Amino acid sequence: ETGVTQSPTHLIKTRGQQVTLRCSSQSGHNTVSWYQQALGQGPQFIFQYYREEENGRGNFPPRFSGLQFPNYSSELNVNALELDDSALYLCASSLESGGLQETQYFGPGTRLLVL
Amino acid sequence: AQSVAQPEDQVNVAEGNPLTVKCTYSVSGNPYLFWYVQYPNRGLQFLLKYITGDNLVKGSYGFEAEFNKSQTSFHLKKPSALVSDSALYFCAVRDRNTGRRALTFGSGTRLQVQP
Chain A
-19 ETGVTQSPTH
-9 LIKTRGQQVT
1 LRCSSQSGHN
11 TVSWYQQALG
21 QGPQFIFQYY
31 REEENGRGNF
41 PPRFSGLQFP
51 NYSSELNVNA
61 LELDDSALYL
71 CASSLESGGL
81 QETQYFGPGT
91 RLLVL
Chain B
13 AQSVAQPEDQ
23 VNVAEGNPLT
33 VKCTYSVSGN
43 PYLFWYVQYP
53 NRGLQFLLKY
63 ITGDNLVKGS
73 YGFEAEFNKS
83 QTSFHLKKPS
93 ALVSDSALYF
103 CAVRDRNTGR
113 RALTFGSGTR
123 LQVQP
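Top line first, the protein sequences correspond to chains A and B. Be aware that the first sequence starts at -19, since it is given in the numbering used here, and climbs by one per residue. Be aware that the second sequence starts at 13, since it is given in the numbering used here, and climbs by one per residue.
Treat the hints as calculated values from the structure; they're not laboratory data. Small disclaimer: the values here were computed from a predicted structure and weren't measured. Every residue, glycine too, gets a C-beta built ideally from N, C-alpha and C. Hints should not be assumed to be uniformly reliable.
[Said to hold, decoys possible] Okay, the calculated beta carbon distance ranges per label pair: (1) 78(B) <-> 33(A): 34 to 42 Å; (2) 92(B) <-> 77(A): 35 to 43 Å; (3) 122(B) <-> 8(A): 32 to 40 Å; (4) 81(B) <-> -2(A): 42 to 50 Å; (5) 21(B) <-> 64(A): 33 to 41 Å; (6) 53(B) <-> 63(A): 19 to 27 Å; (7) -17(A) <-> 19(B): 28 to 36 Å; (8) 37(A) <-> 15(B): 16 to 24 Å; (9) 33(A) <-> 42(B): 20 to 28 Å; (10) 122(B) <-> -10(A): 20 to 28 Å; (11) 8(A) <-> 109(B): 21 to 29 Å; (12) 32(B) <-> 60(A): 42 to 50 Å; (13) 78(B) <-> 81(A): 12 to 20 Å; (14) 66(B) <-> 49(A): 19 to 27 Å.
[Unchecked claim] Part of the chain A face toward chain B, derived, beta carbon under 7 Å: (15) 18; (16) 22; (17) 25; (18) 28; (19) 35; (20) 38; (21) 39; (22) 67; (23) 70; (24) 86; (25) 89.
Okay, chain B solo, but in the shape it has when bound (with noise of 0.2 Å):
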């Protein structure tokens, strides 16, 4: 079975410094592994995803991730943080072995941004 752990409820970070959002995964073959965000009252929006290759992966304003297969690891984060970057954070992984359609999401961490 797949599985997904976001171990912090909440993250709280000054605007313009530096932030991360944990992740760690479980699956029984290679991972795809996602970040959405999502806004209050809004669906979720996507930011990136790993299929292969880099371990460092690029997303939309200005976020990044980090691959690590030993830590089975997928922390999400951005060089400094907007207080518009407040919201709830999901990571999500389908394993590319078992042919699982399914998205399986953690249980999300809130982002506060203090200006």
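If we strip away everything but chain A, and leave its shape as in the complex, we get (with noise of 0.2 Å):
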């Protein structure tokens, strides 16, 4: 187990609703990154965020927001939810130094269903 633990488990929101997803980082990261796994695909970078500030972001709308807090942990928030937000949401953490070759440590994943 890598030490990154995500909240909750599974979830079922209605379209349109917003729902706040939360990670735990693994003790001594200081960056955390969220990623999207729709069905039968690889996963795809949402964003990241580093020193409480978001640190690069993938091809995701605005609705789709973060936040990083001073012990490292993160929530993931999405706004007016569509069907296609249904899917595997994973928080990966790591210990950034600037040179990119740091391994990201994933956590279990919240599964997310929008009806």
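With the hints as a guide, dock the two chains, each given alone in a separate frame, to form the complex.
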């Protein structure tokens, strides 16, 4: 196990609602990245947080937003949910030092179903 | 833009036989390359990575991968497959020259090891 935890494990929402997903990073890590994995696909990068600031963003609309807290835990918020937001949401933590060679360690994910 | 291709959706191999899961990549600069494994209803588990140096990288659970710069490939290998190796395998890349924070994943290859 990586030491990265996510909550909740499963979630069912309806279209138009808002959702907050949570992630606790591995001890000693300073960076959290969020990915969306649709069924049958590889994970897609949403954004990364380093020292409480967004540090890179993928091709996702502004209704996907996030936070990182002083203890390096993180939240992913999605507003105005759409059916296509149904996916496994993965959080990964890492100790970034600027070189890009750092390994990202993944949590078990939150499976979101939008009806 | 960086991209990863995993040309095989599924690889079937008999237990005890060698296995290879293929991956090719495209980056504008020099790559950092990663392999992850995903078991059902689980997050991604890190197997190994290539940063620099020796083209043959050894990782967890007896897996290894060979970096080939001229063929832009990073194939995952194991000398003797186990039934417990059956899972979904993802190759990922980061371009060390662009500073882009995201890992870009392939679409995944399902490995089925028959007893």
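Now the hints, each set against the structure:
{"no.": "1", "hint": "78(B) <-> 33(A): 34 to 42 Å", "in the structure": "38 Å, holds"}
{"no.": "2", "hint": "92(B) <-> 77(A): 35 to 43 Å", "in the structure": "37 Å, holds"}
{"no.": "3", "hint": "122(B) <-> 8(A): 32 to 40 Å", "in the structure": "33 Å, holds"}
{"no.": "4", "hint": "81(B) <-> -2(A): 42 to 50 Å", "in the structure": "46 Å, holds"}
{"no.": "5", "hint": "21(B) <-> 64(A): 33 to 41 Å", "in the structure": "22 Å, violated"}
{"no.": "6", "hint": "53(B) <-> 63(A): 19 to 27 Å", "in the structure": "22 Å, holds"}
{"no.": "7", "hint": "-17(A) <-> 19(B): 28 to 36 Å", "in the structure": "34 Å, holds"}
{"no.": "8", "hint": "37(A) <-> 15(B): 16 to 24 Å", "in the structure": "18 Å, holds"}
{"no.": "9", "hint": "33(A) <-> 42(B): 20 to 28 Å", "in the structure": "27 Å, holds"}
{"no.": "10", "hint": "122(B) <-> -10(A): 20 to 28 Å", "in the structure": "23 Å, holds"}
{"no.": "11", "hint": "8(A) <-> 109(B): 21 to 29 Å", "in the structure": "28 Å, holds"}
{"no.": "12", "hint": "32(B) <-> 60(A): 42 to 50 Å", "in the structure": "44 Å, holds"}
{"no.": "13", "hint": "78(B) <-> 81(A): 12 to 20 Å", "in the structure": "18 Å, holds"}
{"no.": "14", "hint": "66(B) <-> 49(A): 19 to 27 Å", "in the structure": "39 Å, violated"}
{"no.": "15", "hint": "18", "in the structure": "11 Å, violated"}
{"no.": "16", "hint": "22", "in the structure": "3 Å, holds"}
{"no.": "17", "hint": "25", "in the structure": "3 Å, holds"}
{"no.": "18", "hint": "28", "in the structure": "5 Å, holds"}
{"no.": "19", "hint": "35", "in the structure": "6 Å, holds"}
{"no.": "20", "hint": "38", "in the structure": "6 Å, holds"}
{"no.": "21", "hint": "39", "in the structure": "10 Å, violated"}
{"no.": "22", "hint": "67", "in the structure": "13 Å, violated"}
{"no.": "23", "hint": "70", "in the structure": "6 Å, holds"}
{"no.": "24", "hint": "86", "in the structure": "4 Å, holds"}
{"no.": "25", "hint": "89", "in the structure": "5 Å, holds"}
Of the hints listed earlier, those the structure fails to meet are numbers 5, 14, 15, 21 and 22, in rising order.
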